[in-house]
Amino acid sequence: MRTLLLKSLFAKPVTIGAPAADAAALAEVGRALDLRARRLFGRSITIREVDAGSCNGCELEINALSNAVYDVERFGIRFAASPRHADVLLVTGPVTHNMKIALERTYAATPDPKWVVAVGDCGCGCGVFEGSYAVIGAVDKVIPVDLHIRGCPPRPIELLRGLIALLDAATERKRSAGSHA
Amino acid sequence: MSMPTGSIVALLSKLSAHAQQKPWPRYDVDAETWVRIGKGLAEGEGDLLAMWGEPKVVHLALRVAALPHPCVVSLNAAGGAFPSIGAHHAPAIRLERTISDLYGLKPVGAHDVRPWLDHGAWDLHVPLGKRRPADRSVPTGYAFRPVLGEGLHQIPVGPVHAGIIEPGHFRFTANGETVARLEARLGYAHKGAEGLLSGAALDKAARIVARLSGDSTVALSFAFARAMEAALDIQVPPRAQALRGVMAELERIANHFGDVGAICNDAAFALIHAHCGIFREKVLLAADRVFAHRLMMDAIVPGGVARDIGLDDTEILITMLDEVAVGFSEVVHLYDDTPSLQDRTCGAGVVSRELVKQWAAGGHVGRASGRDFDSRRDVAYAPYFGLAYDVPVFDAGDVDARVWVRIREVEASIRLLRAWLAALPQGPVLVAVPAAREIREGIAITEAFRGDVLVWVRVKADGTIARCHVRDPSWFQWPLLEAAIANNIVADFPLCNKSFNCSYAGHDL
Numbered sequence: 001m002r003t004l005l006l007k008s009l010f011a012k013p014v015t016i017g018a019p020a021a022d023a024a025a026l027a028e029v030g031r032a033l034d035l036r037a038r039r040l041f042g043r044s045i046t047i048r049e050v051d052a053g054s055c056n057g058c059e060l061e062i063n064a065l066s067n068a069v070y071d072v073e074r075f076g077i078r079f080a081a082s083p084r085h086a087d088v089l090l091v092t093g094p095v096t097h098n099m100k101i102a103l104e105r106t107y108a109a110t111p112d113p114k115w116v117v118a119v120g121d122c123g124c125g126c127g128v129f130e131g132s133y134a135v136i137g138a139v140d141k142v143i144p145v146d147l148h149i150r151g152c153p154p155r156p157i158e159l160l161r162g163l164i165a166l167l168d169a170a171t172e173r174k175r176s177a178g179s180h181a
Numbered sequence: 001m002s003m004p005t006g007s008i009v010a011l012l013s014k015l016s017a018h019a020q021q022k023p024w025p026r027y028d029v030d031a032e033t034w035v036r037i038g039k040g041l042a043e044g045e046g047d048l049l050a051m052w053g054e055p056k057v058v059h060l061a062l063r064v065a066a067l068p069h070p071c072v073v074s075l076n077a078a079g080g081a082f083p084s085i086g087a088h089h090a091p092a093i094r095l096e097r098t099i100s101d102l103y104g105l106k107p108v109g110a111h112d113v114r115p116w117l118d119h120g121a122w123d124l125h126v127p128l129g130k131r132r133p134a135d136r137s138v139p140t141g142y143a144f145r146p147v148l149g150e151g152l153h154q155i156p157v158g159p160v161h162a163g164i165i166e167p168g169h170f171r172f173t174a175n176g177e178t179v180a181r182l183e184a185r186l187g188y189a190h191k192g193a194e195g196l197l198s199g200a201a202l203d204k205a206a207r208i209v210a211r212l213s214g215d216s217t218v219a220l221s222f223a224f225a226r227a228m229e230a231a232l233d234i235q236v237p238p239r240a241q242a243l244r245g246v247m248a249e250l251e252r253i254a255n256h257f258g259d260v261g262a263i264c265n266d267a268a269f270a271l272i273h274a275h276c277g278i279f280r281e282k283v284l285l286a287a288d289r290v291f292a293h294r295l296m297m298d299a300i301v302p303g304g305v306a307r308d309i310g311l312d313d314t315e316i317l318i319t320m321l322d323e324v325a326v327g328f329s330e331v332v333h334l335y336d337d338t339p340s341l342q343d344r345t346c347g348a349g350v351v352s353r354e355l356v357k358q359w360a361a362g363g364h365v366g367r368a369s370g371r372d373f374d375s376r377r378d379v380a381y382a383p384y385f386g387l388a389y390d391v392p393v394f395d396a397g398d399v400d401a402r403v404w405v406r407i408r409e410v411e412a413s414i415r416l417l418r419a420w421l422a423a424l425p426q427g428p429v430l431v432a433v434p435a436a437r438e439i440r441e442g443i444a445i446t447e448a449f450r451g452d453v454l455v456w457v458r459v460k461a462d463g464t465i466a467r468c469h470v471r472d473p474s475w476f477q478w479p480l481l482e483a484a485i486a487n488n489i490v491a492d493f494p495l496c497n498k499s500f501n502c503s504y505a506g507h508d509l
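Chains as they are written, first to last, in the numbering used here: chain Y, 1 to 181; chain L, 1 to 509.
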């Protein structure tokens with residue numbers, strides 16, 4: 001273990017630079033956040049992730065946000081174990097009929113003010129599972145959604161851009177137009 | 001021992017197979033033969049590989065060591081019922097409950113007739129059978145098995161869990177800290193895949209199958225493609241076969257890196273988790289550059305692979321392997337040299353050799369408990385033919401053994417990858433899928449990182465999919481998790497669960 005730690009002292013960090021906020025996501029969440037919320041949040045949000053029926057591809061990439069390369073906590077974003085500790089629900093789908101009540105209850109257990117981010121093509125639409133007897137579909141058919149991050153699954157960098165847009169809107173930190181990454 | 005050994009072989013030898021299914025035979029059987037095969041499986045004559053329904057037929061796939069190939073037996077169930085296999089052979093129980101939920105065919109003589117995937121939340125009863133309208137109920141009522149005894153209490157967990165994981169419910173009955181019994185309730189991620197696959201065009205079906213369990217998307221697409229290719233007599237070009245192997249092994253090492261890290265993290269050893277997270281990320285970044293998708297989703301298609309790679313791409317992969325191989329070997333030494341970590345993993349979550357044999361549990365769950373089976377070697381397929389391939393097998397059956405299976409598999413996969421990348425065959429990577437012209441059936445097994453996945457497909461004359469069944473390895477691993485956690489402390493459940501890492505989505509379909 002000593003050699004591993006010693007090496008770490010001299011190695012360059014693996015963490016990548018911060019990506020710019022996604023312009024489209026900024027516009028979408030800007031509408032959703034009022035001034036009061038901006039004051040409350042500061043530059044920190046706590047997320048509760050809810051898999052409402054995904055294939056687990058989105059979960060793999062959401063988990064990757066916490067690895068040393070993306071290191072989501074440096075932006076003030078952390079994941080919580082309980083919806084009662086969360087500001088934001090990060091929901092993947094498609095929402096199945098079997099998960100509808102659990103999702104509604106998780107939403108109800110999240111204190112106000114709260115925001116919902118739908119993740120993935122299934123969570124934002126219904127993806128390839130459209131038309132099945134077993135799915136309701138997009139997350140916004142069950143609970144109100146403030147931000148959509150599409151992709152199948154979205155890359156961690158795309159998730160990060162969307163979440164930073166949420167933070168930026170919360171702190172009213174405007175970026176110059178055209179910084180779209 | 002009421003059954004003579006080899007009775008399944010004797011039964012099957014009298015039957016003639018359907019011409020339409022390839023490459024392994026499918027036989028129509030009568031109810032008596034069906035039951036005798038079920039009893040033979042219970043006697044340990046072979047492995048139950050899968051069991052699935054159609055509106056009027058039930059199918060059972062099995063593998064008997066004395067026969068050269070796996071096979072399928074089919075029973076007419078037009079009367080709405082079939083003799084239960086689960087009554088004799090427990091691994092069939094949840095499969096039969098699923099057939100009953102989706103197709104309305106009742107397993108006669110079954111001991112457990114509770115619904116499984118149907119939580120009472122759909123608009124329909126038997127959605128793939130007679131489709132009767134249903135009143136939705138609150139999907140929380142479920143008769144968990146009673147556990148009686150002094151000082152017992154229950155701990156309900158899920159379907160929304162504390163971590164970033166999939167939905168499922170675990171009902172623990174504990175005596176103080178110790179788990180007396182765990183019963184899982186699954187099906188929350190059920191998306192009706194078999195219903196969507198029926199009647200789907202080929203490309204749509206391929207995209208659905210690739211999304212039944214995102215972490216195994218390569219293995220699922222690989223199995224689906226091979227089942228289609230068997231059905232339609234398609235010869236895949238050698239370069240495509242090698243690239244499929246490359247993708248399958250990249251998926252395996254990426255998942256094993258993630259699992260080794262996450263298991264150590266659940267034992268509060270975050271250093272290994274941090275390093276393994278970087279290794280996994282390096283694999284996925286390289287996959288993204290080379291195959292244009294981090295998880296390589298939709299990259300394997302019937303007929304070959306969706307895109308070719310260049311010489312630069314080969315270099316990217318070789319460089320990445322050099323980096324992660326060195327780093328991983330240091331992490332393995334660290335795991336081996338840290339008694340405080342092994343104090344958590346050794347002796348925790350033990351599964352017996354008898355159970356993994358009975359359940360034909362694939363992957364690290366089986367191989368950590370002495371089951372020497374790997375479909376890459378034992379039901380060999382391209383590009384694994386003729387490779388001298390070591391299957392790591394351990395005996396302890398605990399969390400530690402499941403970690404070591406993964407470690408040895410990473411090393412073996414890196415050797416395979418280096419060999420293929422050093423000598424990729426030249427030539428095309430895709431051939432056109434020919435017209436079916438008649439009903440055809442195909443079946444295939446591939447080795448996903450967590451075990452063998454099976455895909456069975458029936459193609460219509462117009463080339464669309466008539467039926468498709470996908471059996472994830474988790475079907476035969478989830479029930480063993482319930483055995484593994486018994487007499488462990490509740491707090492070790494995340495550790496044991498992660499050492500299995502079963503798929504919820506792949507099971508729930």
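Just to be clear, a hint being listed does not mean it is correct.
To be verified - With a cut-off of at most 25 Å between alpha-carbon atoms, the simulated DSS-like pairs for lysine-lysine come out as follows: (1) L:Lys-282 x Y:Lys-12; (2) L:Lys-204 x L:Lys-39; (3) L:Lys-39 x L:Lys-14; (4) L:Lys-357 x L:Lys-56; (5) L:Lys-357 x Y:Lys-141; (6) Y:Lys-141 x Y:Lys-100; (7) L:Lys-204 x Y:Lys-7.
Hints are computed from structural coordinates only; laboratory data are not their basis.
Now the hints, each set against the structure:
Distance restraint check for Lys-282 of chain L and Lys-12 of chain Y: the Cα-Cα separation of roughly 15 Å lies within the 25 Å cut-off, and the hinted pair is therefore satisfied. Of the supplied pair hints, the one linking Lys-204 of chain L and Lys-39 of chain L is violated, its CA atoms being roughly 39 Å apart against a limit of 25 Å. Distance check on the hinted pair: Lys-39 of chain L and Lys-14 of chain L sit about 18 Å apart at the alpha-carbon level, within 25 Å; holds. Distance check on the hinted pair: Lys-357 of chain L and Lys-56 of chain L sit about 31 Å apart at the alpha-carbon level, beyond 25 Å; violated.
A threshold of 25 Å between alpha carbons decides the hint, and for Lys-357 of chain L with Lys-141 of chain Y the separation of about 45 Å lies outside it, so the pair is violated. At most 25 Å may separate the alpha-carbon atoms for a hinted pair to count; Lys-141 of chain Y and Lys-100 of chain Y meet this at roughly 10 Å. For the hint linking Lys-204 of chain L to Lys-7 of chain Y, the alpha-carbon distance of about 48 Å lies beyond 25 Å, and the restraint is violated.
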